[in-house]
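As given, the protein sequences belong to chains A and B, one line each in that order. Mapping of the first sequence onto this note's numbering: position 114 corresponds to residue 136, and the numbering continues sequentially without gaps. Mapping of the second sequence onto this note's numbering: position 73 corresponds to residue 95, and the numbering continues sequentially without gaps.
The set of hints was computed from the structure by calculation and includes no laboratory data. Honestly, I wouldn't trust all of these hints.
When chains are identical, the list treats them as one kind, so a pair holds in a single copy or across two.
Calculated cross-link-like contacts (lysine-lysine; reagent style DSS-like; alpha-carbon spacing at most 25 Å) [what the hints assert, rightly or not]:
(1) K120 to K98
(2) K98 to K40
(3) K154 to K98
(4) K154 to K40
(5) K154 to K120
(6) K120 to K40
(7) K154 to K129
Number of protein chains: 2
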Amino acid sequence: MKEHAVVQFDCAGTASGKMRNDLRVTMSRPFAEGPWDLATDEGAFHGGEASAPPPLALFVGGLTGCLMTQIRAFAKRLDVPLTDLRVETRVQWDWTAKGRVYETAPKGFEIDVLLDSPAPRDRVAALIEAAKRGCFIEQTLGRQNTIRHRLRTQEGWVDV
Amino acid sequence: MKEHAVVQFDCAGTASGKMRNDLRVTMSRPFAEGPWDLATDEGAFHGGEASAPPPLALFVGGLTGCLMTQIRAFAKRLDVPLTDLRVETRVQWDWTAKGRVYETAPKGFEIDVLLDSPAPRDRVAALIEAAKRGCFIEQTLGRQNTIRHRLRTQEGWVDV
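Given the sequences, and given the hints that come with them, work out the whole structure.
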């Protein structure tokens with residue numbers, strides 16, 4: 023890879039079953055990888071059939087896996103040997119009823135890192151700091167992002 | 023559920039293989055669901071063995087599935103019949119080399135909604151707007167979140 027690159031992931035989701043979504047994910051930049059076929063569903067409480075994890079499970083798993091991947095990838099580059107690595111993540115959201123629907127908001131993110139390394143504490147802390155900055159998902163959560171939505175209509179795509 | 027609730031998801035990740043992470047996700051609030059066993063890995067380019075999707079695939083799949091779930095759940099509540107629903111998501115990040123490691127930053131989020139409904143356009147647009155506000159992941163990405171990190175040491179947990 024060069025000094026700078028754009029990384030792009032695409033997902034095509036199709037509603038199936040009662041609340042199940044079949045999700046085909048591919049990496050399209052800087053080179054093609056995948057596809058990876060994933061799925062989400064909901065439990066009976068939300069009208070689903072529990073045939074796959076809920077979307078938030080993928081989200082929290084992706085966040086945890088992303089930081090763990092960066093810690094291991096950067097451990098080699100920063101000469102911090104690791105003999106064991108576990109991470110425990112807790113994410114909370116507020117849920118508020120609003121008329122016939124409801125609204126949500128993030129409430130808290132906590133990530134506990136458990137690792138064994140002969141390196142001194144400051145080197146381990148520097149590794150975690152580098153991993154935070156290299157973790158795509160953590161960096162995304164640390165910013166206020168704008169998501170563009172479009173709806174397909176008979177007259178073409180319209181922003182919604 | 024009451025008028026307000028806290029929703030919490032937990033993930034326990036264990037590094038295994040070369041770059042693989044085994045991830046056990048559970049919902050702990052407002053009631054217990056799961057566990058769901060997920061995994062991430064990387065391809066050969068990143069030193070992995072491609073035994074599971076990369077973390078970003080789970081993230082983009084979770085985002086897409088979350089919005090789709092809200093659209094379907096709220097379609098019933100807002101009387102917007104849906105006969106078909108597909109969503110296409112594209113997420114871009116900037117990747118920049120920095121010394122021995124690298125840094126990342128979100129660059130763009132685009133979500134295209136393809137659905138069939140006999141409801142008028144303004145009702146469909148209102149449904150999508152409600153789904154955005156009810157989508158846990160979309161609301162999370164729209165805020166600047168702070169993630170607390172702790173490292174386990176022989177003297178107990180320390181913030182890092």
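How the hints compare with the structure:
no.: 1; hint: K120 to K98; result: between (49 Å within a copy, 15 Å between copies)
no.: 2; hint: K98 to K40; result: between (46 Å within a copy, 12 Å between copies)
no.: 3; hint: K154 to K98; result: within (16 Å within a copy, 40 Å between copies)
no.: 4; hint: K154 to K40; result: between (38 Å within a copy, 20 Å between copies)
no.: 5; hint: K154 to K120; result: between (35 Å within a copy, 13 Å between copies)
no.: 6; hint: K120 to K40; result: within (24 Å within a copy, 47 Å between copies)
no.: 7; hint: K154 to K129; result: both (20 Å within a copy, 17 Å between copies)
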